[in-house]
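Can you build the whole structure from these sequences, using the hints too?
Here my numbering = 1-based position in the sequence shown + 8.
Bear in mind the hints are in silico, worked out from the structure with no lab data behind them.
These numbers were taken from a predicted model, which means no experiment stands behind them.
Each residue gets a CB set at the ideal place from its N, CA and C atoms; glycine is no exception.
Some hints here could point you the wrong way.
Stated by the list, open to error - Cut-off 35 Å, straight-line C-alpha distance, at most; resulting in silico cross-link-like pairs (DSBU-like, lysine-lysine): (1) 262 to 207; (2) 364 to 338; (3) 207 to 338; (4) 118 to 314; (5) 205 to 338; (6) 118 to 262; (7) 338 to 328; (8) 260 to 205; (9) 273 to 205; (10) 205 to 282; (11) 118 to 207; (12) 118 to 42; (13) 314 to 273.
What the hints assert, rightly or not - Derived DEER-like restraints, expressed as beta-carbon distance ranges: (14) 258 to 362: 53 to 61 Å; (15) 137 to 260: 28 to 36 Å; (16) 348 to 213: 14 to 22 Å; (17) 303 to 350: 23 to 31 Å.
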Amino acid sequence: MASLVFAQELVHYILSMHTEVSVIERYDRQMRVKQIGAAGQAKISASTILIVGCGALGTYAAEQLVRAGVGTLYLVDPDTVSETNLQRQSLFTEADATNELFKVDAAAAKLRQINHNVTIDVFPVELRPELLAQMQPLTLALDCSDNFSVRDLLNRLALNQHFPFVFAACAGVSGQLMLVDPTAGPCLECAFPDITKLKERDCDILGVATPLIPLVSSIQVSLALRYIVSGAGALDQLTTVSCWPPAQQNFKVKKRADCPVCQHKQVPITLNDKTLLRRLCGSNAWSVYLPQTRSIAEVAATLAAKHVAYRVTPSMITFKWHDAPASYFKTGKVQLYKLNEQQAQQHYRALWQLLKVPRQKEGQPQ
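Have a look at this one:
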């Protein structure tokens, strides 16, 4: 019996040694960097990172972090892959666009092939405070979103829940970056006092040069890894970069004495009602969430009973509703297309009447 126990312990020891050797070999070139070393690699492997936005910046950043060997990665993005994404967003293929996969699902599938040791959890929804309750305490967050409404929310969450984040943005041939810790330095509202006006421009459709994305993303990940490894980073520095021609400048940001965010220990967070119709940027299309989520199978069965033709993908079901294109996502989101606001309201009310489950009368078996 003793010999059996010894043999089991020996096998366990050999396997553990093999795992350690594999890790050392995998990250050998990174650990040879004197600023990182074995101790730094251990911190990277123990880190928990949130990426908000899994588009251009988000996919490049996620790949770099997974290759660097972070411990846990959370991806948050409500959108699906489309053909227009392929010009600047890595990790996605034409097949992903054809199947209209959620960006977080398509990205996670590729990332797990790159490094199976990294724990990757996905959330195909908008950033909301309750998501953080489903996550481990964050080492750091990366803002890879494309609008200031999300950035303002992340800024407030970072203050309330005490985690830093790296802001990054791209437009045209230039980008901006900043390491932000609202509890220790200036927050995003200090850097952008006109953030309310910037939120009003969230629907502006801006072009972006393909080479700008990996340039900005690499600096963003560099800031993130340096913070993870050493805890260091300039909390008062806004960096601007250009890819056409290549250029970089740094600007000092001061903590505002009258900042409505970081001059408080906690700030309120006001969210829009998801069940209210919202116009999608740059199009005559509308987005809204059902008051109660239905499975794609339930929606398909209801449409089939009404003789409505539909097409199912892993993420959604598409169909024509009152002669207008519509999509229903497994997250409960509905998108209505080619309609003005009044038409969209009418179509949505009629669709919800069709899809909702009748309430049980009092005393009737459930």
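Verification of the supplied hints:
1. 262 to 207: 22 Å, holds
2. 364 to 338: 15 Å, holds
3. 207 to 338: Within the cut-off at roughly 28 Å; holds.
4. 118 to 314: 39 Å, violated
5. 205 to 338: Satisfied, since the Cα-Cα distance of roughly 33 Å is no more than 35 Å.
6. 118 to 262: 40 Å, violated
7. 338 to 328: 17 Å, holds
8. 260 to 205: 22 Å, holds
9. 273 to 205: The hint holds at about 24 Å.
10. 205 to 282: 22 Å, holds
11. 118 to 207: Status holds; Cα separation ~32 Å.
12. 118 to 42: 30 Å, holds
13. 314 to 273: This hinted pair is violated, its Cα atoms lying about 54 Å apart.
14. 258 to 362: 53 to 61 Å: 56 Å, holds
15. 137 to 260: 28 to 36 Å: 31 Å, holds
16. 348 to 213: 14 to 22 Å: For residue 348 and residue 213 the Cβ distance comes to about 19 Å; the hint holds.
17. 303 to 350: 23 to 31 Å: 30 Å, holds
Going through the hint list in order, the structure does not satisfy hints 4, 6, 13.
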